[in-house]
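Asks: Now for the letters of each chain:
Number of protein chains: 2
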Amino acid sequence: MNKMDKITIIEPKSIETRSFEIITEILGDRVFPQEQQGIIKRVIHTSADFDYADNLVFGNDAVKAAMKAFQKGCTVYTDTRMAYSGINQTNLAKFNSQKECYIDHPEVAEEAKKRGVTRATVSMEKAAKDEGHKIFAIGNAPTALIALYEMVKEGTLKPDLIIGVPVGFVNVVESKELLMELDVPYIVAKGRKGGSNVAAAIVNAIMLEGLKQA
Amino acid sequence: MNKMDKITIIEPKSIETRSFEIITEILGDRVFPQEQQGIIKRVIHTSADFDYADNLVFGNDAVKAAMKAFQKGCTVYTDTRMAYSGINQTNLAKFNSQKECYIDHPEVAEEAKKRGVTRATVSMEKAAKDEGHKIFAIGNAPTALIALYEMVKEGTLKPDLIIGVPVGFVNVVESKELLMELDVPYIVAKGRKGGSNVAAAIVNAIMLEGLKQA
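Chains A and B, in that order, give the protein sequences. Read in order, the letters of the first sequence correspond to residues 1 to 214 in this note's numbering. Read in order, the letters of the second sequence correspond to residues 1001 to 1214 in this note's numbering.
Bound conformation, chain A alone:
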């Protein structure tokens, strides 16, 4: 047998469709709220990790709030260049929206060093000063989430949605618990898992839901 015979011949565009069929098959008779379904499946698609079927928590009408932000036009702020790169530019443009990441901004690096805090913290503070509707997609830095928590508590930030999916071992679980206490729309991956890929997948899934409804 030719080694290549194991490969399924499939049109590029059909790969994603078939992938989602397989994910749906594996999920079996699990039922998710209609507006969350596409997001949960896309996160599994991006990670091949079915833990996300249990980990993802949606608070304060998160999906509806995000849709509204996109309908009005918003900026999606990320804490890493990876998450930034993963967010679909073509679909953002359809919503007159944009993405922004201040983590490697020279002023941010300088101020973080001076204050002995992370660049992620300062990048969130910088984002909060911008005008307009804001979605935060945090896949890496718990300190970014903590900065957002503090600004919301102080009343200096009113985000349309916070996606809190940092990954890791120090302050990650705790920062997600803080976020879930806030009275703002949030999507959280409970526990240690998450990542820039997961953060980007959630943003992309929300936009796809919005385009389906439009």
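By construction, these hints were calculated from the structure, which means they are not laboratory data. It is possible that part of the hints are untrue.
DSS-like cross-link-like pairs, simulated, lysine-lysine; straight-line CA separation at most 25 Å [as the list claims (entries may be wrong)]:
#  : chain 1 : residue 1 : chain 2 : residue 2
1  : B       : Lys1114   : A       : Lys13
2  : A       : Lys64     : A       : Lys6
3  : A       : Lys212    : A       : Lys41
4  : A       : Lys6      : B       : Lys1158
5  : A       : Lys190    : B       : Lys1006
6  : B       : Lys1006   : A       : Lys3
7  : B       : Lys1158   : B       : Lys1129
8  : B       : Lys1126   : B       : Lys1153
9  : A       : Lys41     : A       : Lys64
10 : A       : Lys126    : B       : Lys1129
11 : B       : Lys1126   : A       : Lys126
12 : B       : Lys1013   : A       : Lys3
13 : A       : Lys153    : B       : Lys1003
14 : A       : Lys3      : B       : Lys1158
Each pair of labels, with its calculated beta carbon distance range [stated by the list, open to error]:
#  : chain 1 : residue 1 : chain 2 : residue 2 : range
15 : A       : Lys13     : B       : Gln1037   : 39 to 49 Å
16 : B       : Pro1033   : A       : Asn88     : 35 to 45 Å
17 : A       : Leu211    : B       : Arg1115   : 24 to 34 Å
18 : B       : Asp1130   : A       : Asp61     : 47 to 57 Å
19 : B       : Ile1010   : A       : Gly155    : 40 to 50 Å
20 : A       : Gln37     : B       : Glu1181   : 32 to 42 Å
Output of the computed footprint for chain A on chain B, the stretches with three or more beta carbons under 8 Å from beta carbons of chain A [what the hints assert, rightly or not]:
#  : segment
21 : 1066-1079
22 : 1084-1090
23 : 1097-1109
24 : 1174-1187
Using N, Cα and C, we set each Cβ at its ideal position, and we do this for glycine too.
Knowing the structure of chain A, use the given hints to seat chain B on it.
Replies: Just chain B now, with coordinates in the frame of chain A:
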């Protein structure tokens, strides 16, 4: 109790150190070959997924071959902008090396459309035509891995290392099995898991090992 009391106060630079200590604690008495240890732990660090302690397979003196490529200076080719963004530019420069991603190159898109193949396939063919030492870091597209497999079989490509960690449900497992049959250095995440974040983490871990030895 103040909600913030749950947060561990820790210097930004110590977060990574503490994370690796926790990973080492959780891995307990598991022993890995010396040169693989840093890579396995960094992938767990980037995913919080301990499956990678079992999934990662190193073939044909992969780490040694990659070190040699970095010592000579090489180009790391990725199949996504996310993996590209995740690879540490500062450390690449220390090895007189660079990163490249042709996935969004206009010629690549055009040729893919004409031939009815993925952009990932064409981007790998384009990379193969470049001069110099080559490391491929594939975190997304099985078709990229399949293209690399075919070029190695034909004798038109001699990579220094192929990192084969695409994630997903269609042809992912099969493309990794093809790669593991080749007589070239490879690092593979067996099964469906992987991702652009994992691909970048492996490249970054190899560079850090190289810098430690230098």
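Asks: Could you run down the list of hints and mark each one as holding or not?
Replies: These are the hints, each one checked on the structure:
The hinted pair formed by lysine 1114(B) and lysine 13(A) meets the criterion: a straight-line CA distance of about 14 Å does not exceed 25 Å. Taking the CA atoms of lysine 64(A) and lysine 6(A), the gap is about 43 Å. The hint is violated against a cut of 25 Å. Of the pairs offered as hints, the one joining lysine 212(A) and lysine 41(A) holds, with about 16 Å between alpha carbons and a cut-off of 25 Å not exceeded. As the CA atoms of lysine 6(A) and lysine 1158(B) are separated by approximately 24 Å, the hinted pair is consistent with the 25 Å bound.
With a CA separation close to 16 Å, the supplied pair lysine 190(A) and lysine 1006(B) stays within the 25 Å bound. For a cut-off of 25 Å, the pair hint linking lysine 1006(B) to lysine 3(A) is broken: about 54 Å separates their Cα positions. Taken as a hint, the lysine 1158(B) and lysine 1129(B) pair is honoured in the structure, with Cα atoms around 11 Å apart against an allowance of 25 Å. Among the hinted pairs, lysine 1126(B) with lysine 1153(B) is consistent with the structure: their alpha-carbon atoms are about 17 Å apart, no more than 25 Å.
A threshold of 25 Å between alpha carbons decides the hint, and for lysine 41(A) with lysine 64(A) the separation of about 18 Å falls inside it, so the pair holds. Simply put, lysine 126(A) and lysine 1129(B) have alpha-carbon atoms about 43 Å apart, too far for the 25 Å limit, and the pair is violated. In summary, the hint linking lysine 1126(B) to lysine 126(A) is not supported, as the alpha carbons are separated by about 40 Å, beyond the 25 Å threshold. With a CA separation close to 47 Å, the supplied pair lysine 1013(B) and lysine 3(A) exceeds the 25 Å bound.
With a CA separation close to 11 Å, the supplied pair lysine 153(A) and lysine 1003(B) stays within the 25 Å bound. For the hint linking lysine 3(A) to lysine 1158(B), the alpha-carbon distance of about 20 Å falls within 25 Å, and the restraint holds. Between lysine 13(A) and glutamine 1037(B) the CB atoms are about 41 Å apart, so this pair conforms to the stated range of 39 to 49 Å. In this structure the supplied range 35 to 45 Å holds for proline 1033(B) paired with asparagine 88(A), their Cβ-Cβ distance being about 39 Å.
Evaluation of the 24 to 34 Å hint for leucine 211(A) and arginine 1115(B) yields a pass: the beta carbon distance comes to about 28 Å. The hinted window of 47 to 57 Å between aspartate 1130(B) and aspartate 61(A) holds, with their beta carbons roughly 50 Å apart. Restraint check, isoleucine 1010(B) to glycine 155(A): a C-beta distance of roughly 27 Å breaks the suggested window 40 to 50 Å. Between glutamine 37(A) and glutamate 1181(B) the CB atoms are about 38 Å apart, so this pair conforms to the stated range of 32 to 42 Å.
Requiring three or more residues with a Cβ within less than 8 Å of a Cβ of chain A, the coverage given for the segment 1066-1079 of chain B is violated, as only 0 such residues are present. For the segment 1084-1090 of chain B, the stated coverage by chain A is satisfied: 3 residues place a CB nearer than 8 Å to a CB of that chain, which reaches the threshold of 3. Residues of the segment 1097-1109 of chain B lying with their CB closer than 8 Å to a CB of chain A number 0, which falls below the three-residue condition for coverage. Coverage of a stretch by a chain is defined here by at least three residues with a beta carbon nearer than 8 Å to that chain's beta carbons; for the segment 1174-1187 of chain B and chain A the count is 5, and the condition holds.
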